Amino acid sequence: MKKKMHGGGVFLLIVFGVAGTLFGAGKQEAPKAAQPKSVTIAMPGDVTTWNPFSRNEVISNSMQRHVFETLIYVNNDLSASPGLALSWTPNKDASVWTIKLRQGVKFHNGKPFTAKDVVYSFDVCKADGRGWADALGNFKSWRAVDDYTVEITTIVPDVLLPSHLRNIAIVSKETLEGKGPEAMETTIVGTGKYKVAEYVKDDRLVLVRNEDYWGEKPQIERVVFRPIPQAGTRTASLMAREVDLITNVPVRDADMLKTRSGVKVLTEPGISTMMFAMGQTKQNPSPNAPMPIKSPDGSNPLSVREVRQAIVHAVNEKEIIEKIMGGYAVVAHTPVPEGFNGYNPNLKKYEYNPAKAEQLLDAAGYKRQANGYRFEITLDATNDRYINDAAIATAIGGYLEKVGIKCNVNLMSRSVFWGYIRMYEGFKSHFIMSAWSEPSGESALIAKDLLYSAYLNAPKRKGWGGVNRGYYANEQVDALIEKALATVDPKERDSIMQQVWKIAWDDVALFTTHRETAIYAHGQNIIYKPRVDQHIYAWDISFPK
Amino acid sequence: MKSIPILQRFFASDFFYHYRRSTTAIVSSLMILFVILVAIAGPFLTPQNPYALSNLFLADAFKPPAWLDGGELRFLLGTDQQGRDILSAIVYGSRVSLFIGIAGVFFAATFGILIGLVAGYIGGKVESIIMRIADIQLSFPSMLIALFLMTTFGRSITNILITLTLIGWVRYARVVRGETLSVRKKEYIEASRVIGYSDLYIMVKQVLPNVLNSVIVLSTIQIGTFILLEATLSFLGLGVPPTRPTLGMLCSEGFSVLYSGLWWVSFFPGLYIVFIVFAINLFGDFLRDQLNPRLK
Amino acid sequence: MWKYLVKRLLQMAGVLLIVSTIVFFITSVIGNPIYNMLPERAPPEQVEQVRKMLGLDKPLYYQYAIFLRNALRGDFGMSYTHHQPALRLIFSRFPATLEIVIVAMLLTIVIGISGGVYAGAYPRRKLSKGIMGFSILGISLPSFWIGMVFIFFLSVRLGWFPVSGRGETGVFLGIRSSLFTLEGWRHVFLPAFTLAVINIATIIRLIRAGMMETLRQEYIKFARAKGVGEKDILFKHALKNIMIPVVTIFGLQLGELIAFTTITETIYAWPGMGKLLIDSIMNLDRPIVSAYLLFVSVLFVAINFAVDIIYTLIDPRVEL
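Chains as they are written, first to last, in my numbering: chain A, 24 to 568; chain B, 2 to 297; chain C, 4 to 323.
Keep in mind that the hints are not guaranteed to be accurate.
Stated by the list, open to error - List of simulated lysine to aspartate or glutamate pairs, EDC-like, C-alpha gap at most 20 Å:
# : chain 1 : residue 1 : chain 2 : residue 2
1 : C       : 129       : B       : 286
2 : A       : 202       : C       : 259
3 : A       : 163       : C       : 60
4 : A       : 485       : C       : 43
5 : C       : 55        : A       : 146
6 : A       : 483       : C       : 78
7 : A       : 451       : C       : 43
8 : A       : 341       : B       : 61
9 : A       : 483       : C       : 43
Just so you know, these hints were derived from the structure itself, not from any lab. Bear in mind that the values here come from a model prediction, so they are computed numbers and not experimental data.
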């Protein structure tokens, strides 16, 4: 009897399932790509938070910027154009900036946009401390002069202050104040080109065009973002026409999609550069490393310029690009992408030449010992952060081994990596692989983080040289970076910065290998123009005439 | 008795009689022998030392198995993204996997037997507390406990062994305690006590031999379980460090390229895990039938 | 009975307290979540600010007190990465996990029991040998590898099943589930089957062993002599007798299933709570990790309790 009841339960369950299936009870409408003026975009993940201040990564940024706007817009060549701000003017030494705001702008809930919203947004961003807070690092204070004017005072004069204003979203004070940070997750109200119509976490985000938008309205009326973490599924979804545009297409799928009709594959070189920091202090930079530097005489070989140059010569960046990146990357000679202010076209990565590397190492006094090795170092890298990071790090280790440098490859999960390599704290790292990108188009800001002097125990100057993990120190470079950041004229700044990169590259302060190429694919029903910063915006999509 | 050499005694035993007549037992023990031989002799046989970075050439990356188009004989089972020979990687990986399985069982057994003996022999409060802990732990899936412990400890071979010990002791403790309880009541133990043997002596000399059969059976099966558990943890990125890949780690690395059709990178290491664990389980089944049919 | 219930409830509370203590102290040791939230260039003051904001600057015992107080209210804090209450996130992912667990359990019951009974009743037949061979193979398979093999051959090569993801959901009787759409079933089947393989193998072995032992007993011989049909002997007399160990095992297996969803969901990108756990571990999202562990602990304790209750229903001789 009991047995039967058990079976009955199972039976009922199945019946419900089948009934539900047959009647398609309340079956949810799959977003159809065919709908007029509607576009479905597959993303590799969902927006992690609707708090626009606390997370800085491409997926969240892309989706949030449809709803929230910033004071200054970024054009695709990384130049600036007015957003919620109409103009931004510095005083003479660029220590006080006056921002004039656009009038007559309304939030999606009808509340007017004024200077107090800007002040509030800055306050919240600063208080949050995560994500974008460091964009406000040089802001001493900010205040509303009147309803449509904001004044910002800097800690040190900053001619590049507007580049930070591109990243700070403006939220509505009246809507959010006093409701705690959690309110931002549910009350998603901005001034942007789109409004949130429906949001189901990890399933879909439906946006509709903001018909009251202050500027030119985009062509697309309805945008659906679908988070699809598996790359293979994204590809399959595009081929099944469930989505119109996919991002982060894997290399092998890209080659396959190119042969399909009705699908267009786009590539756009990115600005994120894979770079390698070399701890170049005379003193041992990593006394606590589990696998420390070992050299015959106990010195730090990385402190010798010629050794660093030899390491660069040993690395075959073209083979990495071709074999590991499948051809979808370009050689990065410096961390400065072409087109940036301060890009120096004459600087090249030391060419791949293992023989020359061996020569340099011999000359530097690190001859091969009985075991065939000259000295031993350890490369710290992630295995789950960048595309193919483990393979790239292992390849680098292999190249160094081939010129007689014993190179351990210490792969870590990203969950421990950032704490492990942190400067001034653990003293565990002397050779680090990570990527760097700077969306402002200003190489002075790259240099400020990567090149400005840092010493083993403390930064030379607070907040500067924050990612100078090789502890490169050069007074002349410091002075030039400071000068560039106080030079308003872009031409002049460009020439100063070109000089900075020249000096740093002569010193082999660090080296870079490649920049990933972003790969997109879309159906022929739309036209898409990818962005350098890899953000996905619906207003970059149009319909063919 | 003493004069009969131990081997001769073994060949004359019931155990050996049944062994000779069981095809599964013979086949599975041969499989295990093969695995052990490969692990010991492997490094001298493989075409490549997959961990000497100077041996890896990117030009060899993603070669398919030799019998497919584009395959090469020197890479019988193909290569991975770094031009590493999959066959060699499997041989090296199996060494680490086996080491973890066997060492894990050794520590878990030692620890568990000790606790079980103590609990069974001393009895009283100590026993009930120990057994209560064991009960609670058993009501949680070991996979989840392992996941949690590895998250906390961080990935390393030592930490895996600690984790396996903390997971595995329970079964030993229970079995040993049960046996100890029943042995303790036997007359000859009473007698030993009367004669004046110390508790320690009695436990080691009289009780332990009685639980040996159960421990052997349990250990055989546990080795397989632990190898699987380690592989699973490594697959999730919570097991061995990526610089010293085990079979599970190799699968994990191959998973990312599976969708692109590069199946051999993850398929063969997984197949070898199945081979190893299958052999162990087959043999474990046979052992259990012979030595202690009551054991689950 | 009532006395037993109260005793059990107290025991459950005790277990949960112990678990929560262990969970708290151990999760506090895991890495430093702050570096994963901050920009790489963040200066020490900013690190300090976020540490304060998350309450991580306080002494451990103080944090523990707050953790316990909030946990009692079901509040495990805000997820560091998702900025939502951790428990709410777990709940929102739970239905997806439950879907594959239920389907896997059904598969286990249907295939496992019939296979086990057959192999136990006719141990000498070829098919029984085959079933047993499969079951030993089944317990030797790493579940992630089965998943990969299925995906590659059934999805990528043959295209019979979708590669991953949950597919569309339907609403029936107010419940939103993939099981109410055909497309949903196509998505559910592979993850559920992958999850079930090991369980099926285990259950077959147990039922077979129990069956063989029971069939040797006197009362079965007696029933046979009396002329009771073979089917009735197997399913009424013998199976009923081995129900108690089977129910225990099912209880344990249910726990195993839930634990193994972490792997299955990772492979199939199934948006359940197992995948959430793995992602959270990688992101050092402590609130989610501790909320998950306590949530499943409650689940397991409840399952054990249910198993005990079911005992009394199957076997009147068992007293609580």
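- Message: residue 483 of chain A and residue 43 of chain C were given as a pair; does the straight-line alpha-carbon distance stay at or below 20 Å?
- Response: holds (17 Å)
- Message: Checking one constraint from the list: CA of residue 202 of chain A to CA of residue 259 of chain C, max 20 Å. Satisfied?
- Response: Not OK: residue 202 of chain A and residue 259 of chain C at ~42 Å, beyond 20 Å, violated.
- Query: Can the restraint linking residue 341 of chain A and residue 61 of chain B be considered satisfied, given a maximum Cα separation of 20 Å?
  - Reply: The hint holds at about 15 Å.
- Query: Is residue 451 of chain A close enough to residue 43 of chain C, meaning Cα to Cα at most 20 Å?
  - Reply: holds (17 Å)
- Mind checking the alpha carbons of residue 129 of chain C and residue 286 of chain B for me, to see if they're no more than 20 Å apart? holds (19 Å)
- If you draw a straight line from the CA of residue 55 of chain C to the CA of residue 146 of chain A, is it 20 Å or shorter? Within the cut-off at roughly 17 Å; holds.
- Item | Holds or violated: residue 163 of chain A to residue 60 of chain C, with C-alpha atoms at most 20 Å apart | violated (25 Å)
- Query: Does residue 485 of chain A pair with residue 43 of chain C here, judged by a C-alpha cut-off of 20 Å?
  - Reply: holds (14 Å)
- Starting from residue 483 of chain A, check that the Cα of residue 78 of chain C is at most 20 Å away, please. violated (43 Å)
In summary, the structure is inconsistent with hints 2, 3 and 6 from the numbered list given earlier, while agreeing with the others.
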